[in-house]
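Asker: Chains as they are written, first to last, in our numbering: chain Z, 168 to 538; chain V, 168 to 538.
No wet-lab data here; the hints were simulated from the structure.
Here the structure is a predicted model, which is why all the values come from computation and not from measurement.
One or more hints might be untrue.
Note that identical chains are pooled: a pair holds if it fits in a single copy or bridges any two copies.
To be verified - With a Cα cut of at most 25 Å, we get these calculated SDA-like pairs of lysine to any residue: (1) K474 to E310; (2) K474 to Q500; (3) K451 to D223; (4) K451 to L188; (5) K211 to F466; (6) K451 to S369; (7) K451 to E310; (8) K211 to S233; (9) K226 to D380; (10) K226 to R486; (11) K474 to S284; (12) K211 to L368; (13) K226 to S367; (14) K474 to V518; (15) K211 to L366.
There are 2 protein chains.
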Amino acid sequence: MSGEHQRAGTHDRQGRVDGDLVDREARDQSRVDAVLDDFFRLAKRRAESVGYRYVDLWKVLERNTSGGKRFRPRMVFTTYTALGGRDDEAAARVGAAFELLHTALIVHDDVIDRDFSRRGIPNVSGSYRDEATTAGIPTPTAEHRGMSAAVIAGDLALTGASRLLLQVPCDGPVQARLLDLLDEAVFVSAGGEMIDVELSLSDDLPTVDEILDMERAKTAVYSFEAPLQAGAVLAEAPEAVVRALGEFGREVGVAYQVVDDLLGVFGTQSDTGKTVLGDLREGKRTVLVAHAATTDDWFGIRPFIGKADLSEAEAEVVRGRLEACGARRFAEQLVEDHARRALAVLDGPDVGEALRDALAPLVQVVLERVR
Amino acid sequence: MSGEHQRAGTHDRQGRVDGDLVDREARDQSRVDAVLDDFFRLAKRRAESVGYRYVDLWKVLERNTSGGKRFRPRMVFTTYTALGGRDDEAAARVGAAFELLHTALIVHDDVIDRDFSRRGIPNVSGSYRDEATTAGIPTPTAEHRGMSAAVIAGDLALTGASRLLLQVPCDGPVQARLLDLLDEAVFVSAGGEMIDVELSLSDDLPTVDEILDMERAKTAVYSFEAPLQAGAVLAEAPEAVVRALGEFGREVGVAYQVVDDLLGVFGTQSDTGKTVLGDLREGKRTVLVAHAATTDDWFGIRPFIGKADLSEAEAEVVRGRLEACGARRFAEQLVEDHARRALAVLDGPDVGEALRDALAPLVQVVLERVR
Numbered sequence: 168m169s170g171e172h173q174r175a176g177t178h179d180r181q182g183r184v185d186g187d188l189v190d191r192e193a194r195d196q197s198r199v200d201a202v203l204d205d206f207f208r209l210a211k212r213r214a215e216s217v218g219y220r221y222v223d224l225w226k227v228l229e230r231n232t233s234g235g236k237r238f239r240p241r242m243v244f245t246t247y248t249a250l251g252g253r254d255d256e257a258a259a260r261v262g263a264a265f266e267l268l269h270t271a272l273i274v275h276d277d278v279i280d281r282d283f284s285r286r287g288i289p290n291v292s293g294s295y296r297d298e299a300t301t302a303g304i305p306t307p308t309a310e311h312r313g314m315s316a317a318v319i320a321g322d323l324a325l326t327g328a329s330r331l332l333l334q335v336p337c338d339g340p341v342q343a344r345l346l347d348l349l350d351e352a353v354f355v356s357a358g359g360e361m362i363d364v365e366l367s368l369s370d371d372l373p374t375v376d377e378i379l380d381m382e383r384a385k386t387a388v389y390s391f392e393a394p395l396q397a398g399a400v401l402a403e404a405p406e407a408v409v410r411a412l413g414e415f416g417r418e419v420g421v422a423y424q425v426v427d428d429l430l431g432v433f434g435t436q437s438d439t440g441k442t443v444l445g446d447l448r449e450g451k452r453t454v455l456v457a458h459a460a461t462t463d464d465w466f467g468i469r470p471f472i473g474k475a476d477l478s479e480a481e482a483e484v485v486r487g488r489l490e491a492c493g494a495r496r497f498a499e500q501l502v503e504d505h506a507r508r509a510l511a512v513l514d515g516p517d518v519g520e521a522l523r524d525a526l527a528p529l530v531q532v533v534l535e536r537v538r
Numbered sequence: 168m169s170g171e172h173q174r175a176g177t178h179d180r181q182g183r184v185d186g187d188l189v190d191r192e193a194r195d196q197s198r199v200d201a202v203l204d205d206f207f208r209l210a211k212r213r214a215e216s217v218g219y220r221y222v223d224l225w226k227v228l229e230r231n232t233s234g235g236k237r238f239r240p241r242m243v244f245t246t247y248t249a250l251g252g253r254d255d256e257a258a259a260r261v262g263a264a265f266e267l268l269h270t271a272l273i274v275h276d277d278v279i280d281r282d283f284s285r286r287g288i289p290n291v292s293g294s295y296r297d298e299a300t301t302a303g304i305p306t307p308t309a310e311h312r313g314m315s316a317a318v319i320a321g322d323l324a325l326t327g328a329s330r331l332l333l334q335v336p337c338d339g340p341v342q343a344r345l346l347d348l349l350d351e352a353v354f355v356s357a358g359g360e361m362i363d364v365e366l367s368l369s370d371d372l373p374t375v376d377e378i379l380d381m382e383r384a385k386t387a388v389y390s391f392e393a394p395l396q397a398g399a400v401l402a403e404a405p406e407a408v409v410r411a412l413g414e415f416g417r418e419v420g421v422a423y424q425v426v427d428d429l430l431g432v433f434g435t436q437s438d439t440g441k442t443v444l445g446d447l448r449e450g451k452r453t454v455l456v457a458h459a460a461t462t463d464d465w466f467g468i469r470p471f472i473g474k475a476d477l478s479e480a481e482a483e484v485v486r487g488r489l490e491a492c493g494a495r496r497f498a499e500q501l502v503e504d505h506a507r508r509a510l511a512v513l514d515g516p517d518v519g520e521a522l523r524d525a526l527a528p529l530v531q532v533v534l535e536r537v538r
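The whole structure should be built from the sequences, with the hints applied where relevant.
Answerer: As structure tokens, this is what we get:
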């Protein structure tokens, strides 16, 4: 998930900015940050007994966990608060667990993608690689050091996520449900990652449905479904509500991912925080590409997909052809369909007014990203 | 840890094979296998909903978890049974958790070491690489596919370990202690792995103490200390016993690792399950090398350490010099010192006779490996 929006839940249904909400979000975020600060402070202290080199790894991991928009914790707080939850410290702990899970998954995703930076800043691999090259170590060795550190750091973040959930002050059955949700999030996102690896290696282009299933598994479950449901579980909401939030999360999560695909080609750098040539240059399997491959225009698009030195002028040509063949419109329609279905879930019998009012703006924000 | 012995606890103090013990160990092992079979059966079924490619990953991970000597589960059972524990199903679950942790750590260790096989059999990376090369995919891409699959598989095994602990039927405080032990094992072994990465990159040779600390952290804690303590915690043994088992595990674990260093140079292939040129060729930082570096003979040894094409004849020269400079004797003395200290812990006030009788043979087995 790239270019995470910064203001989910800060608009009410009429689109007005709600000052109270902004204040509450800032307060929730600082609670999450405080939980993570404590977590890392303790880990760094524990690491001292193993060795200073290990303390360094924790410092790098901490840097890679900070500065995010705390998107997943916000999902937790949104449902928790709307469902009447009042123990903000507990919610912050659950939110921090999902934030650490996010760190774990992107750190290992970067290993798999051989990426040494994220949003222009060195990631774990990049920090360790750069330090080594500065010390005169040859690049392949330095890169390998970076990857090794990142494999270990991801393991620590993954373990840390379940540790944080174990420390949530709540009843045993609630805790068990929270741990189940985290487990499901890890299980499904690992599957999505594996399928992404395989799809990107295959000569055959995947179908639109394969792309959507992969994107849902890799990102939407742990970013939307699971944290939205976790907030409800922590608030001890009825099972029907938790189930409805799963459906809502799936729809809005898939919409979000398709928006990402669109922004990766048609967005501006400020939308996405990364070059908008990246997806095309790396030949990323997206809904756009999968749809274009089913059209007669594909022969004129294919040569540019995965062209490592694609120029901005060539990218403009591809954009024009992706538009002409209907791929852009198709993807936009997908976003709208899933957004509509997400809103329909909110209008269902199991979702009360407070929850609906809290979640509808999220759909708006997703739609606005692409408009 | 390589060349794990197959018969810990199958000798009594006089060295006679105890038939009852062999039967019990076989029974315990099949209980652990049954827990793991269930775990993987469920995971493969769950994976179907994500995609057949994900089911394949679980199958490969399962293969990489089977066939081991179930060393860590045996540590759990040894203390649990000696301390009066009778719920063998619970112990099997705890043992299986440590077995999965072991899988997770070696799968990621192999990624870090860029190893594609373990004991001559393709590991997770190797299976995925080989399948890809057979399909005509170029080696670098195939290797990268292998590494990617292994990063994901290790994450799944790591998560699986704590899931299994969460399913142990026991009181809340006991479960919390078990989870703490697992967490400590992950935390410390990750630190050991990181320090191993750093030591192997450094031009400066580490000291003997640095090697011992690294080996203890990387392997001894999760292989000895934590599972021995977990058996005691599950048996609800007094805190003093759990502490003594930590000390015992540390001593015997370090002895075991130094034996590994010795066998890696002076052992036979049947001792270690791997070529005895491997450690020398890869320039592995061992107690032998660290000690030799402090002697005047080092200039005649150094050129061979890390020589990728070291011949058997050259290895014989190195062996002779490691012996002449006293490194072999030094390492053997270290093993004996730690073994003696391990036995001294067993003679302490907190360890009862049954536990002493169950654990003393473990020290013998470690000593016998090197004699």
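Asker: If a hint holds in the structure, say so; if it does not, say that too.
Answerer: Hints and how they fare:
{"no.": "1", "hint": "K474 to E310", "result": "both (24 Å within a copy, 22 Å between copies)"}
{"no.": "2", "hint": "K474 to Q500", "result": "neither (27 Å within a copy, 61 Å between copies)"}
{"no.": "3", "hint": "K451 to D223", "result": "between (34 Å within a copy, 23 Å between copies)"}
{"no.": "4", "hint": "K451 to L188", "result": "neither (37 Å within a copy, 57 Å between copies)"}
{"no.": "5", "hint": "K211 to F466", "result": "neither (54 Å within a copy, 39 Å between copies)"}
{"no.": "6", "hint": "K451 to S369", "result": "within (12 Å within a copy, 38 Å between copies)"}
{"no.": "7", "hint": "K451 to E310", "result": "both (23 Å within a copy, 20 Å between copies)"}
{"no.": "8", "hint": "K211 to S233", "result": "within (15 Å within a copy, 35 Å between copies)"}
{"no.": "9", "hint": "K226 to D380", "result": "between (35 Å within a copy, 21 Å between copies)"}
{"no.": "10", "hint": "K226 to R486", "result": "neither (41 Å within a copy, 41 Å between copies)"}
{"no.": "11", "hint": "K474 to S284", "result": "within (21 Å within a copy, 34 Å between copies)"}
{"no.": "12", "hint": "K211 to L368", "result": "between (39 Å within a copy, 23 Å between copies)"}
{"no.": "13", "hint": "K226 to S367", "result": "between (33 Å within a copy, 21 Å between copies)"}
{"no.": "14", "hint": "K474 to V518", "result": "neither (47 Å within a copy, 68 Å between copies)"}
{"no.": "15", "hint": "K211 to L366", "result": "between (39 Å within a copy, 20 Å between copies)"}
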